[in-house]
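If you read the sequences in order, they're chains A and B. At position 254 of the first sequence (counting the first as 1) the number is 235 in the working numbering, and the numbers step up by one without a gap. Plus 19 on top of the position in the second sequence (first one is 1) and you've got the working numbering.
By construction, these hints were calculated from the structure, which means they are not laboratory data. C-beta atoms are modelled at their ideal positions from N, C-alpha and C, and glycine is treated no differently. You may find that some hints are simply not true.
Said to hold, decoys possible - Which residues of chain A face chain B? A few of them, derived with a C-beta cut under 8 Å, are:
1. Met5
2. Pro7
3. Leu9
4. Ala226
5. Ala302
To be verified - Some residues of chain B that are not near chain A, with every Cβ distance over 12 Å (derived):
6. Arg65
7. Asn158
8. Thr274
9. Glu300
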Amino acid sequence: MLKFPIYLDYSSTTPVDPRVAAKMIPYLTEHFGNPASRSHAFGWEAERAAEEAREQVAALLNADAKDIIWTSGATESNNLAIKGAAHFYAESKGRHIITVATEHKAVLDPFKELERQGFEATYLQPQENGLITIEQFRAALRPDTVLASVMAVNNEIGVIQPIAELGEICREKGVIFHVDAAQATGKMPIDLQKLKVDLMSLSAHKTYGPKGIGALYVRRKPRIRLEAQIHGGGHERGLRSGTLATHQIVGMGEAFRIAREEMATENERIRMLRDRLLQGIRDIEETYVNGDLEQRVPHNLNISFNYVEGESLIMATKDIAVSSGSACTSASLEPSYVLRALGRSDELAHSSIRFTIGRFTTEEEIAFTIKLLHEKLSKLRELSPLWEMYKDGVDLSTVQWAAH
Amino acid sequence: MSLPTYMDHNATTPVAPVVLEAMLPFLSRQCGNPSSNHEYGRAAKRALDEARQQVAAAVGAHPTEVIFTSGGTEANNLVLKGAAQAMKPGILALSAMEHPSVRSPAEQLLRQGWQLRSVAIDDQGRVDDDDFLSALTENPRLISVMRVNNETGTMQNVAALAARAKVGGSRAWFHSDCVQALGKVAIDFRDLNRQGVHALTLSAHKIHGPKGAGAVVADKRLELMPQIAGGGQERDLRSGTENMAAIVGFGAACTAAMADLEAGSLHLARMRAELEEGLVELGARIFSRGAERVANTVYFAIPDIDGETLVGKLDRVGYAVSSGTTCSSANHEPSATLLAMGVSPELAKSAVRVSLGRDNTLTQIHGLLENLAALRDQLLNLTAISS
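Take the sequences, apply the hints, and build the full model.
The structure is reproduced here in structure tokens:
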């Protein structure tokens, strides 16, 4: 039986996997110790659990557990990586920083903060498919470039940036390379033995772990140094003070263990559902897929429906829980800056829906969604004067609108 | 083997059953992100608002004055660095016994042109009145004094200190770390605010809530620069997807702690009285005994017995206590707070902290005292032999 609204917003956050929750609960009750307590068994058990989780998180990335720093989430990881590295290396390397216009706000806002402090930033404009090119990246580098930050997977359109190639260039030029991988873990293979990535931000709650926990991978070989952003008791090699939230750490470890073991088969099933959804709505006229379909994680489908109004589209589709842009900015009425950067018009950006499919999505849910979209779109367009004009062959871009 | 008796509640506490129950839905079907514009998101937003009201109610604040963080350390960083970065550098006055999560961000401000003024404490661990007044004459821009010390349990009358600053014409912003005070003493932010306190910091896991949630409670006139940017959550003062389960747990823990405040304190005070009586008989020196303290904390030293050693032995016979602050448990430096109180380094190295919780019993206190007596004799004999 279907449960409404149908959850198709897995890139906003995922439910905690029941196996993860089961592993967390004992660390709220009987094993509640503070991992920093060195004088008794409660503390030792908490520390042991946190270290086991560190191994599990590292294993998904083929990284060394010693390179993993716990944080409160990917937003904090991004802040620590970007501000921490830029400040540490500004004196020796320079004050030019590079990122992409379609990054998450948790990268763009720290960049703006650095700009206010006298750093100079370059924001690369992606191509129409959402991807940046190697040549474009190489051309942006300067002798004083200290840091580049490029996300692995875009949160709105799911496209995969060429991290491996960008890493090679950064290593060659001595530029610190940070990757926001919040949307990538469990969705694509990541091998930090091969990738020349210096800093990588991770989140638990996009990969069936709890909210409130994330990590920053900080490479030690070659050694990357950071200025801490939260100071105190000196936890996490002095890079991030504050009592470790053991139960959340245990949850992230278990979530990443499950991801490592199951991602290959799970992603094939999710790809099949995504393709079915795309096939099912392709026959709806004037729909556009946003972002490259090949260089993309299987979970994401972002579609603009032309000639419908954004707000009424959301109202009409409230039986499915989807996002009309990034969750963090959906409160504002601005059209998605990611879709705008791809060259989409305000109208197409406004009338876009991001479907993100996950572990608990079923074939029935996808079938229902296809049916719902067909019904609602034909109804909305019946009422739309724009649709009527389009059908009459009026070129809407030439219409002079009267001011109210 | 059964678990040892836990008497280290100032380090962290077990999550109360009622708190766990409140949290569980957010670790299963209640999966929404409060920023999402659909029913899952709206349900999360409602739960977030309710938790904010619960936390605000526990400290007599308005819900809009509560900013959720990942814990007490982040909260202290946000207040001190956030406030300092929003004004011209000047003097930050802080007591000599502040927690590392206050002291360390304060030290970071030195690089931005700030000066630190350490305010002396007396032999009972109270802020020294004369030195506080003297510090005020230096016109600090920021003052930070904790409400309850994590080691000694000494209470500071921050309302009186703030009032004195205000009456003296000080224009400093006054912050108080209330992490160890919440759930142990009544906190009324409205009243404190009237007296001149502008911001408090709180933590969930010291009051039988989960680790991973804390808060800043701040007067809105106090301008704060966000320390974690990107997303605009918490009125743009603290970005990042809200830790729903922990925040809901924090709210539930606050409500439970308030309901339990009086009865809990009586129970704790009774246990502490017996413990201290027994300790004195064993020849222990109890720190800050002459000061007003929270009911759960006993900080003592048995002369000539190393604190670390005693704590290790106690663990082996089934009692989990601490030799000082948890964060610095790894190093064997004597407690900075005790040294600031004028305690000799030798005696400070003997310090042991017992911090009780509401689940401890008088029977456990008696058991602890019996074991302490035996261990004392054993360890003193060893000392005698080796010397």
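TODO: Give me the numbers of the hints this structure contradicts, sorted from smallest to largest.
DONE: 2
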